[in-house]
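Novice: Here the protein sequences line up with chains A and B, keeping their order.
Number 9 in numbering that gives the first Met the number 0 belongs to position 10 of the first sequence; there are no gaps in the numbering.
Number 7 in numbering that gives the first Met the number 0 belongs to position 8 of the second sequence; there are no gaps in the numbering.
Calculated directly from the structure, the hints in this document are not laboratory data.
Take these hints with a grain of salt, some might be off.
Simulated crosslink set (DSBU-like; lysine-lysine; CA at most 35 Å straight-line) [stated by the list, open to error]:
hint: 1; chain 1: A; residue 1: Lys746; chain 2: B; residue 2: Lys40
hint: 2; chain 1: B; residue 1: Lys40; chain 2: A; residue 2: Lys125
hint: 3; chain 1: A; residue 1: Lys756; chain 2: B; residue 2: Lys2
hint: 4; chain 1: A; residue 1: Lys451; chain 2: A; residue 2: Lys330
Label-pair ranges, simulated between beta-carbon atoms [what the hints assert, rightly or not]:
hint: 5; chain 1: A; residue 1: Arg704; chain 2: B; residue 2: Gln123; range: 49 to 59 Å
hint: 6; chain 1: A; residue 1: Lys759; chain 2: B; residue 2: Val35; range: 25 to 35 Å
hint: 7; chain 1: A; residue 1: Arg704; chain 2: B; residue 2: Val35; range: 29 to 39 Å
hint: 8; chain 1: B; residue 1: Val35; chain 2: A; residue 2: Asn593; range: 50 to 60 Å
hint: 9; chain 1: B; residue 1: Val35; chain 2: A; residue 2: Gln872; range: 12 to 22 Å
hint: 10; chain 1: A; residue 1: Gln634; chain 2: B; residue 2: Val35; range: 23 to 33 Å
hint: 11; chain 1: B; residue 1: Glu69; chain 2: A; residue 2: Gln872; range: 32 to 42 Å
hint: 12; chain 1: A; residue 1: Asn842; chain 2: B; residue 2: Glu69; range: 36 to 46 Å
Heads up, incomplete: computed chain B residues facing chain A, CB under 10 Å, no partners named [stated by the list, open to error]:
hint: 13; residue: Met14
hint: 14; residue: Tyr53
hint: 15; residue: Met54
hint: 16; residue: Leu78
hint: 17; residue: Ala82
hint: 18; residue: Glu86
hint: 19; residue: Asp88
hint: 20; residue: Pro102
hint: 21; residue: Lys103
hint: 22; residue: Pro104
hint: 23; residue: Phe105
hint: 24; residue: Ser106
hint: 25; residue: Met108
hint: 26; residue: Leu110
All C-beta atoms in this analysis are idealised placements derived from N, C-alpha and C, irrespective of residue type, glycine included.
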Amino acid sequence: MKDKTKRMNTSIKTRYLRIIISLFSIIILLGSSSFIYLNKEQTRLQEAREVLQNKTNTIDVLAETLKEVIFRARSYAAFKSDNELELLNAELQKLNGLMNTYSMLDLSTEEAQFRDDIEAFYIQYKTDILPEVIRLVDADDYTGLRAFSQDGSSQVVNNFILYTKEFKQKSDHTLDAMAMDSMKKANNFTWIGYLFSTFVLLFFTWITWRIIKDLINPILLLEGATHSLAAGEEILLSQLHSQDEIGRLYNAFLDMARSIQDKEEELMMQNEELHAQQDELQAQQSKLQNSLSEINSMMKALDQSSAVGILTHKGVFTHANDNLSEYTQYKKSEIIGYTYRLFEVNNISSVQLQRIFRKLRNGGVWSDEVQILTKDESFLWLHLTAVPYLDENGNVYQYILIANDITSMKSAQQELANTLKNTQRTQKMLELNNQLNHEITYTLDKHEFVDKFIQFMNRLYSFDSSFFLLVRDKIAAVRGIPQESVERYIENENNEMLFRLQSEKSYIIKRLTTPSEQGISPDEMYSYDYYTTVVNAKDEILAVFCGSRVGHSFTKEEINEVQGMMNRVALAIERLFMYEEIEHGRKLNQDIVNNVNEGIQFVDSEGSILHINKTLRQIFDFRLSSEGTQIPKEQWMEHFTSKSTESKDIQLFYLTAISEYSVESSSMKYSIGSKPVKHIDVYAIPVFRRATRIGTLFVHRDITREYELDLMKSELVSTVSHELRTPLSSVLGFTELLLSKTMKPEKQLKYLETIHKEAKRLTDLINDFLDLQRMESGKQQYLTEHANLSEIVLGVIDQYKLSDTHQVLLVDEAQNAEVDVDKDKIVQVLTNLLSNAIKFSPNSSEVKVLLHNEPGHIVVQVQDTGMGIAQDQISQLFQKFRRIDNSASKRIGGTGLGLAICKEIIDKQQGTIGIDSVEGEGTTVWFRIPILHAEANGQEEDSNKWGGDKETKPNVMIVEDDYSLSLLLSEELKAKGFRVTHHYHPQKAYDQALKTSFVAIVVDLMLGEELDGWDLIRMLKTDPRTENIPIVISSALDKSDKDLMNNVVQKYLTKPYPPGELSNTLEEIVKIKQGMGEVLFPG
Amino acid sequence: MQKVLVVEDEEVLRMLIEDTLEELEGVEIHTAENGVEALAKLSTESYSLVLLDYMMPVLTGIEVLGQLDEATKSATPILMLTAKAQEMDRNRAILAGARYFMPKPFSPMELLQIVEGILSDERQD
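Model the full assembly from the supplied sequences, consistent with the hints where possible.
Specialist: If you want it as structure tokens, here you go:
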């Protein structure tokens, strides 16, 4: 369909039809459009002419009328007739009408001017001139009339008449021009029409020419081609590309011509083939003749070389050649006439024989090697070929046998096979040996080695059981026997086997099989154990091998082989030992290098790290690459230098040290990391081996401690100098003021006091500093002695009895206060702590000292309710010159060494010291030191009849100003399980009683200046909160009946009394209290 | 009336300096116990001279100078008193903006002379 459309499009008919249609359309379009144009132009000209004509006519009439007006006016003037005047008026009327018509026309500027002039004239004439004329006429004033007519009033009329004449001329002229123009146009049209027809003619000529070209030329070509075809020549036509009718005809012709030619060629070829076949047939015939003669000669040759026999289809020899009788030792006459069964065939069974005959009967050829028995009973190998001869019906009518003697070849073959088998065996041995060599060469592990070896031996010799033992290491591999039996063997130092092997090196034991070896075999069997050794050059036994076989012994070859194997293994074992030794040495070196405190790094001349120890890895946090691998320069240097704060310097140092030109050791210091910063001293040593530079050794030493010590030392010097200069400034300054100025005595005194105080401070400072220095340097001698810590504490507190600002309260709960300490030093510590507590709690009036036991220790706490210390500053307190930096502490003063000294002392007493503090609430400084008889402590705890719990211990307060007595009483009471609080000031004791519940209060009557014991008792008894507390008086005064308060006192003890009496009294009180139902102490 | 500010944490030394400078006529002496107090006083009043201790708790003399605004620092001569008499400390003080430097222990009469000199210079300006 598409093709058809295409064909339609390309068809000549369609094409020309299309061309002609489009041309006609163009002609009609052009013709009609020019006709329309012409017609329009004519009409336009006609109209223009009419307009002009009309105008001319109007002007003419206008001029005529104007003339008439003048004429009538003149007549009127002349005749003075009313009729004339009427006519004049009628003319004027007419003029007016004409003027209107004129105005309606299309006027040029000039004409409009005229129209206006005439209109003006008309108006003037009608309004002025005419009435004047009429008046003049009526008055018969002709002289005036003449003068009037001469004053140019009729000038306009004259002008207009002149204009009409001009206009007429002009319009005539225009009409002429129009006529000329239309003539010219008509002429042009004639020309265009002529050109157009010429074009149409030319076009038709072209169309005709094209038709001729498109149709006639191909037809001529086709004609020529037809002649060529008829003449049988080759058609020299190329494909015509046009697809029109001619093109298709052309192509159809071409196809036809080609197919005719092809068929012709085919016929020719068939002809030639026939000729060739004929030739071939002839050739074959001659070849056949040749073959026949060749076969004859071949038969002759065959006769010469092989044994030939011909048999009938029944297997009876009809022909035998000389060779056949020669091979078989039978004479020809002995063969011919007999069947093939004459020859006994060894290697072919009757079944096979039948199969052979079947094959031959079907026309097949059979050929194989056969062994037959000759007449003289010897074997003969023949290569036998049997060929059947078939008649036209395909039946066998005879057989021909061709045989060659291959006996000698056969035996050679046999020999070859044997040799091959031997070679294979040797090769296998070699391979196994290689494998063994390979395995033992690449094994550096002894266990693996023995295992592989025994595996190998078993594969080679198939032992029933075997073991291989490395004598020195007692490492054994076992096959077929339990591991333990060999281990037992090994354990036995002087075993028989080794002893025998020492002298014999190898031996075989023949023995009856064990039941397990024998298995299910019913007969008595023997087992053969082959023991052999691996010895080194010094004839020492390195290893023992034993292989055991049940039932058959070992051949000489086997023994030789195994022995050879043992020699080879000796080398491997020695190598193994050597490797182990080297490895051991290497490991040792590595351990040494890894465990030194210095970071060590060995770098080859290229800069790659060959070895880096653990310490250095830690210093640089270097985790890259595992041990034993080379690390390229770029890799480690980048890492190392980036870690350091002096990257540039250390890089330069590295590069210089690694470069081959540096032959001397060099060193530098650098720091690494941040928080904490490590300070490292590195030195580089070039390493030579026989004058050849092989690398550089870098040793990095962590000198952070030295560095920091250095820093601390200079800081200390600076601080000490500052601390010393400050009081010195005061001393020198005030002295100078005293010397140089005159002043009042009070001021002088004040200055002197200041000087004294500051000088004392300076002395304290120097003393403290020297003390500390002595302690730190270990030169301080400690006089350790047995002491009671409670006693020491009470003694120190006693010194503060007279303090007017602070009360020191002791709460003693320690059951065991026996310690071994330097008493004076502990006093120094306590004094220091107490004075600190007082100094730093200026707004408080109480400092508490608490004693209690912890397992194996006694703890002393000094508590104040002062300003406290910020948490982050606590740790600094024990450092030298570290006071808390605030103005309050500054005002309080001190050397800043006190706590450092305390710590030093407590440390030396095997104790610990610490601070707990809450800023703004107070500080507790505590220390703990080990007690004597710590083990007895537990029993003492048990003696607490009030129960072990601290909270349930009965509280007793002793108000006593004699500390030795106080101590005595407290020891007694503590032993009885009381918790003792000491006080020596009545007011404070009273305040304490309000805070703590006591089971009893022991009061001394002679207490102080202001208040005495009685005052305290009074205060207690008058206060409802404390009135029920039993009071025990402990006084040197005799009980006086005068005392009013006697009745409120529970017990009156007069000093001296045995301490037991007090404790008994108190125990009674407690019991009474319980008896009264006041359950204070359960249990 | 010229004003001198004495910044010294040690009460005794403060008294010594005050008593020393007492005899200067037409000079009012103010004191501050620490750096914070000193900065507060310097921000409200202008002084002809500041005697500043180097080692003080809370703020050291150097830190006080560091926190002082430039205008005050350039307008006020500062005499640094220090027990740290090393060259480095001296340089540090000068770098921080102290114009004068006096090591402890100092002679009160010498101090008086120096202060007198500075104050008369200030008066002429």
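Novice: Confirm or reject each hint.
Specialist: Going down the list of hints, with the structure as the test:
Between A/Lys746 and B/Lys40, the direct Cα distance comes to roughly 29 Å. Compliance with the 35 Å bound is thereby established for this hinted pair. For the proposed pair B/Lys40 and A/Lys125, the alpha carbon gap of about 122 Å is over 35 Å, so the pair is violated. A distance of roughly 31 Å separates the Cα atoms of A/Lys756 and B/Lys2; the hinted pair therefore holds under the 35 Å criterion. Of the supplied pair hints, the one linking A/Lys451 and A/Lys330 is violated, its CA atoms being roughly 69 Å apart against a limit of 35 Å.
Between A/Arg704 and B/Gln123 the CB atoms are about 57 Å apart, so this pair conforms to the stated range of 49 to 59 Å. Distance hint check for A/Lys759 and B/Val35: the Cβ-Cβ separation is about 30 Å, which falls inside the suggested range of 25 to 35 Å. One distance hint, 29 to 39 Å for the beta-carbon pair A/Arg704 and B/Val35, holds here, with the actual separation near 37 Å. With their beta carbons about 55 Å apart, B/Val35 and A/Asn593 fall inside the hinted range of 50 to 60 Å.
Taking 12 to 22 Å as the suggested C-beta distance range, the pair B/Val35 and A/Gln872 conforms, at roughly 18 Å. A beta carbon spacing of about 54 Å between A/Gln634 and B/Val35 contradicts the range 23 to 33 Å that was offered as a hint. Here the CB-CB span from B/Glu69 to A/Gln872 is close to 33 Å, well matched to the stated 32 to 42 Å. A beta carbon spacing of about 42 Å between A/Asn842 and B/Glu69 agrees with the range 36 to 46 Å that was offered as a hint.
The criterion of a C-beta within 10 Å of any C-beta in chain A is met by B/Met14, whose closest approach is roughly 7 Å, and the hint holds. Hint on B/Tyr53 holds. Least Cβ distance to chain A is approximately 8 Å, under the 10 Å limit. Taken as an interface hint, B/Met54 checks out: its beta carbon lies about 5 Å from the nearest beta carbon of chain A, inside 10 Å. Evaluation of the B/Leu78 hint against chain A yields a violated restraint, the C-beta minimum of about 14 Å exceeding 10 Å.
The restraint placing B/Ala82 at the interface with chain A holds, with a minimum CB-CB distance near 4 Å, inside the 10 Å limit. For B/Glu86, the interface hint is violated, since its Cβ never comes within 10 Å of a Cβ in chain A; the closest pair sits about 12 Å apart. With its C-beta approaching chain A no nearer than about 8 Å, B/Asp88 sits inside the 10 Å limit, and its interface hint holds. A least Cβ separation of about 8 Å between B/Pro102 and chain A falls short of the 10 Å threshold, and the interface hint therefore holds.
Contact between B/Lys103 and chain A, as hinted, is supported at the beta carbon level, the nearest pair being about 4 Å apart and thus within 10 Å. Taking 10 Å as the C-beta contact cut-off toward chain A, the hint placing B/Pro104 at the interface holds, the least distance being around 4 Å. Because the smallest distance between the Cβ of B/Phe105 and any Cβ of chain A comes to about 7 Å, under 10 Å, the interface hint for this residue holds. Taking 10 Å as the C-beta cut-off, the interface hint given for B/Ser106 holds, the closest approach to chain A being about 6 Å.
Annotation: B/Met108 was flagged as interfacial toward chain A, and the flag holds, the nearest CB pair being 6 Å apart, inside 10 Å. Here the hint on B/Leu110 is kept, as its CB sits about 8 Å from the closest CB of chain A, short of 10 Å.
In this structure, the hints that do not hold are numbers 2, 4, 10, 16, 18, in rising order.
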